[in-house]
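J.: Sequences are here, hints too, so could you generate the full structure?
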Amino acid sequence: EAGVAQSPRYKIIEKRQSVAFWCNPISGHATLYWYQQILGQGPKLLIQFQNNGVVDDSQLPKDRFSAERLKGVDSTLKIQPAKLEDSAVYLCASSLVPRRDTYEQYFGPGTRLTVT
Amino acid sequence: RKEVEQDPGPFNVPEGATVAFNCTYSNSASQSFFWYRQDCRKEPKLLMSVYSSGNEDGRFTAQLNRASQYISLLIRDSKLSDSATYLCALMTTDSWGKFQFGAGTQVVVTP
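In the order they appear, the protein sequences are chains A and B.
The first sequence maps to residues 1 to 116 in the working numbering.
The second sequence maps to residues 1 to 111 in the working numbering.
Keeping only pairs whose Cα atoms sit at most 27 Å apart, straight-line, the calculated DSS-like set for lysine-lysine is: (1) Lys44/A to Lys2/B; (2) Lys98/B to Lys62/A; (3) Lys44/A to Lys98/B; (4) Lys71/A to Lys98/B; (5) Lys78/A to Lys42/B; (6) Lys83/A to Lys44/A; (7) Lys11/A to Lys44/A; (8) Lys11/A to Lys42/B; (9) Lys78/A to Lys98/B; (10) Lys11/A to Lys45/B; (11) Lys42/B to Lys83/A.
Computed Cβ-Cβ distance ranges for the label pairs, DEER-style: (12) Lys79/B to Pro81/A: 37 to 47 Å; (13) Glu5/B to Asp74/A: 29 to 39 Å; (14) Asp39/B to Glu68/A: 25 to 35 Å; (15) Ala20/B to Leu70/A: 40 to 50 Å; (16) Asn51/A to Gly58/B: 29 to 39 Å; (17) Lys78/A to Glu15/B: 39 to 49 Å; (18) Glu68/A to Glu3/B: 23 to 33 Å; (19) Lys78/A to Ala17/B: 45 to 55 Å; (20) Gly16/B to Thr76/A: 39 to 49 Å; (21) Gly3/A to Cys40/B: 11 to 21 Å; (22) Gln59/A to Asn65/B: 22 to 32 Å; (23) Gln17/A to Asn65/B: 40 to 50 Å; (24) Lys79/B to Gly40/A: 20 to 30 Å; (25) Thr18/B to Lys78/A: 40 to 50 Å.
It should be emphasised that the hints constitute simulated quantities derived from the structure, not laboratory data.
Please read all numbers here as calculations on a predicted model, not as lab measurements.
Note that beta-carbon positions come from the ideal geometry of N, C-alpha and C, so glycine has one too.
T.: Here it is, written out as structure tokens:
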């Protein structure tokens with residue numbers, strides 16, 4: 001079974017530039033997540049999609065971050081303009097529709113962003 | 001206070017020894033708990049889910065103490081390959097499907 005795919009794997013940009021990340025979840029997974037993981041910290045949820053609708057984006061800095069999941073499959077996360085503090089690994093994860101007695105979230109390899 | 005707290009470590013463990021560490025949480029509505037393993041520069045991978053009082057999978061045992069609001073992970077007969085960061089995650093009853101992660105506990109198994 002193919003896992004969660006992400007691209008690019010690495011990106012270096014200057015502050016105030018724009019960047020976009022792409023995620024292709026596991027086939028059939030209705031729920032898709034974007035996380036930000038800063039070095040030494042745990043993943044922090046940025047946005048959660050169920051199919052192509054947003055379930056939770058309360059921690060997404062909407063003045064500079066945007067995300068979409070057209071057609072309920074692939075997703076893109078954009079940062080415009082980037083700041084130094086956006087340097088982190090951006091992880092995409094997907095899962096089947098969560099159930100109370102069984103649940104697993106599968107992570108992609110992440111995109112390591114460095115803002116200089 | 002952070003919602004999910006973990007001792008960052010590192011826990012230096014001789015090969016073959018047992019190591020245990022905790023994850024404390026502040027939200028009493030926390031319902032489901034997970035331990036993820038994250039290798040350096042890799043993505044988190046699910047190690048174990050805990051939906052009731054505990055779970056055991058081979059050398060790994062997770063115990064949930066709802067009264068004291070913590071979950072522990074115990075690794076027996078540690079292997080060099082167990083060296084990683086162990087992330088605790090939880091979901092609450094009012095935010096199903098949304099994970100909150102701790103910052104992780106680093107374990108280093110030495111020969």
